[in-house]
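A.B. asks: The listed protein sequences derive, respectively, from chains W and E. Here the first sequence stands for residues 1 to 138, where the numbers follow my numbering. Here the second sequence stands for residues 1001 to 1185, where the numbers follow my numbering.
FYI, nobody ran anything at the bench for these hints, they're computed from the structure. Note that the structure is predicted; figures quoted are calculated from it, not measured. Don't take each hint at face value.
The list that follows gives simulated cross-link-like pairs (lysine-lysine, DSSO-like), each with its CA atoms no further than 30 Å apart [unchecked claim]:
id: 1; chain 1: E; residue 1: K1162; chain 2: W; residue 2: K12
id: 2; chain 1: W; residue 1: K11; chain 2: E; residue 2: K1019
id: 3; chain 1: W; residue 1: K12; chain 2: E; residue 2: K1066
id: 4; chain 1: E; residue 1: K1084; chain 2: W; residue 2: K25
id: 5; chain 1: W; residue 1: K11; chain 2: E; residue 2: K1084
If you want the footprint, here are the derived chain E segments under chain W, 3+ residues with CB under 8 Å [stated by the list, open to error]:
id: 6; segment: 1017-1024
id: 7; segment: 1027-1041
id: 8; segment: 1047-1056
id: 9; segment: 1075-1084
id: 10; segment: 1114-1120
Example chain E residues on the side facing chain W (calculated, C-beta under 10 Å, incomplete) [claimed, not checked]:
id: 11; residue: G1013
id: 12; residue: E1044
id: 13; residue: W1088
id: 14; residue: M1124
id: 15; residue: E1141
id: 16; residue: D1142
id: 17; residue: R1167
Idealized CB from N, CA, C, for every residue including glycine.
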Amino acid sequence: MIIMMKKYNEKKVDDEISQIISSTKMKAPENLKYRIMHQIEYESSLTPKHSQKYKKETKENGNVLKDLGSIYGVMYAVIALMTIIAYAIEGVEFYLSTEYWATVSFVGFVFSLFWLVSRLDGHLKSKSKYTGEKDLQN
Amino acid sequence: MNENQCVQQVLSGNTSAFKHFVESYQDMAITIAFRICGNMQDAEDVVQDSFVKAYKNLRSFRAESKFSTWLYRIVYNTAVTFTKSQMWANTQVAPLENAIQVGTNSLEKQFEETEREEIVADIMAKMPKGDALLLTLYYMEDNSIKEIAKITGLNESNVKVKLFRARKLFGDLAISNYGLQITGS
Chain W
1 MIIMMKKYNE KKVDDEISQI ISSTKMKAPE NLKYRIMHQI EYESSLTPKH SQKYKKETKE
61 NGNVLKDLGS IYGVMYAVIA LMTIIAYAIE GVEFYLSTEY WATVSFVGFV FSLFWLVSRL
121 DGHLKSKSKY TGEKDLQN
Chain E
1001 MNENQCVQQV LSGNTSAFKH FVESYQDMAI TIAFRICGNM QDAEDVVQDS FVKAYKNLRS
1061 FRAESKFSTW LYRIVYNTAV TFTKSQMWAN TQVAPLENAI QVGTNSLEKQ FEETEREEIV
1121 ADIMAKMPKG DALLLTLYYM EDNSIKEIAK ITGLNESNVK VKLFRARKLF GDLAISNYGL
1181 QITGS
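Construct all of the structure, not just a fragment, from the sequences and the given hints.
C.D. replies: Here is the structure:
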């Protein structure tokens, strides 16, 4: 009982201190907010923006998927066309032959190589652009 | 819009979204900085510097703790570095000059609000910086012991002990300087 009373009293004292200390909370001057925002905007205009980098990365990722979709889309279309023509001329047995699978593999290889070259080209272009931007900043 | 969404907005390039944080926390930030620096001019510089640091390092903010805790930690560190002060050294309390022994009164009942604010500000100014800061963090914003420990870099048991002493000192100074007793009534 005594302990409970003591705790209750402590809580009341705490509440009173809280109330009186809260009344002394300082108010930041009105111009401080503008000073801070101005400095932040100034500094963010000077430094390379993370956001731009982020957007660029997202855009690049989009390009990768787009390239992948278009190049391999054409590849599958070519293979499908080949398969249909082969079926029309040679019949279903041709699908089990080495010639058919070698041709399909060759087409796959050529398109993969094409995709790889286009990625490499994109990478080199973006690298030279970044170096140019860096030189400008310096 | 909650704080995490706001953080994401700032990170995605919307600088003006940071205004929300400035508006929400500048008052408490200036109070913390003032407790450490001791004057308004330095406190303003510290707060400005702290918000810019927070903006620059926003990527390192993990939503594990509250944004306010993270920000106040930056304000605390910036102010301590700025003033080159030792926050937790054993400092002596300022001598109690002009102590008015007028018996015991309740701080709330006896004084007008503005007068009460002046008295509390005076008592806080007489306390060691660290103690005044702990009382501010604990009572003004209802920060938990854990959050205060994160802000100040002390461990939790240390915060508890120091907070107990600070509270006692606050009460003692209120009595000896103004004859005021904090009774909770």
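A.B. asks: Quick one, is the E:M1124 hint okay against chain W at 10 Å, beta carbons?
C.D. replies: At 7 Å from the nearest chain W Cβ, E:M1124 passes the 10 Å test, so the hint holds.
A.B. asks: Please check whether the segment 1047-1056 of chain E has three or more residues whose CB lies within less than 8 Å of a CB on chain W.
C.D. replies: This one holds; 6 residues, not fewer than the three required, reach chain W with a Cβ under 8 Å.
A.B. asks: Please work out if E:K1084 and W:K25 have their alpha carbons no farther apart than 30 Å.
C.D. replies: holds, 24 Å
A.B. asks: Holds or violated: E:R1167 as interface residue toward chain W, Cβ cutoff 10 Å?
C.D. replies: Hint on E:R1167: holds, closest Cβ of chain W at ~7 Å, below 10 Å.
A.B. asks: Count the residues of the segment 1017-1024 of chain E with a beta-carbon closer than 8 Å to any beta-carbon of chain W: does the count reach three?
C.D. replies: Since three or more residues must qualify, the claim that chain W covers the segment 1017-1024 of chain E holds, with 4 doing so at under 8 Å.
A.B. asks: Go through the hint on E:D1142 and say holds or violated, using the shortest Cβ distance to chain W against 10 Å.
C.D. replies: OK, holds: E:D1142 within 10 Å of chain W, min 8 Å.
A.B. asks: With chain W as the partner, please determine if E:E1044 meets the hint condition of a C-beta pair closer than 10 Å.
C.D. replies: Hint on E:E1044: holds, closest Cβ of chain W at ~6 Å, below 10 Å.
A.B. asks: Can you confirm whether the C-alpha distance between E:K1162 and W:K12 stays at or below 30 Å?
C.D. replies: Distance ~20 Å between E:K1162 and W:K12 Cα, so the pair holds.
A.B. asks: What's the verdict on W:K11 and E:K1084, does the C-alpha distance respect the 30 Å limit or exceed it?
C.D. replies: Cα-Cα ~36 Å, so violated.
A.B. asks: Count the residues of the segment 1075-1084 of chain E whose CB lies closer than 8 Å to any CB of chain W, then report whether that count reaches three.
C.D. replies: Contact hint for the segment 1075-1084 of chain E vs chain W: violated, 0 residues under 8 Å.
A.B. asks: Within 30 Å, alpha carbon to alpha carbon, are W:K11 and E:K1019?
C.D. replies: violated, 36 Å
A.B. asks: Does E:K1066 lie within 30 Å of W:K12 when you go C-alpha to C-alpha?
C.D. replies: holds, 27 Å
Consistency note: the structure conflicts with the earlier hints numbered 2, 5, 9 and 13.
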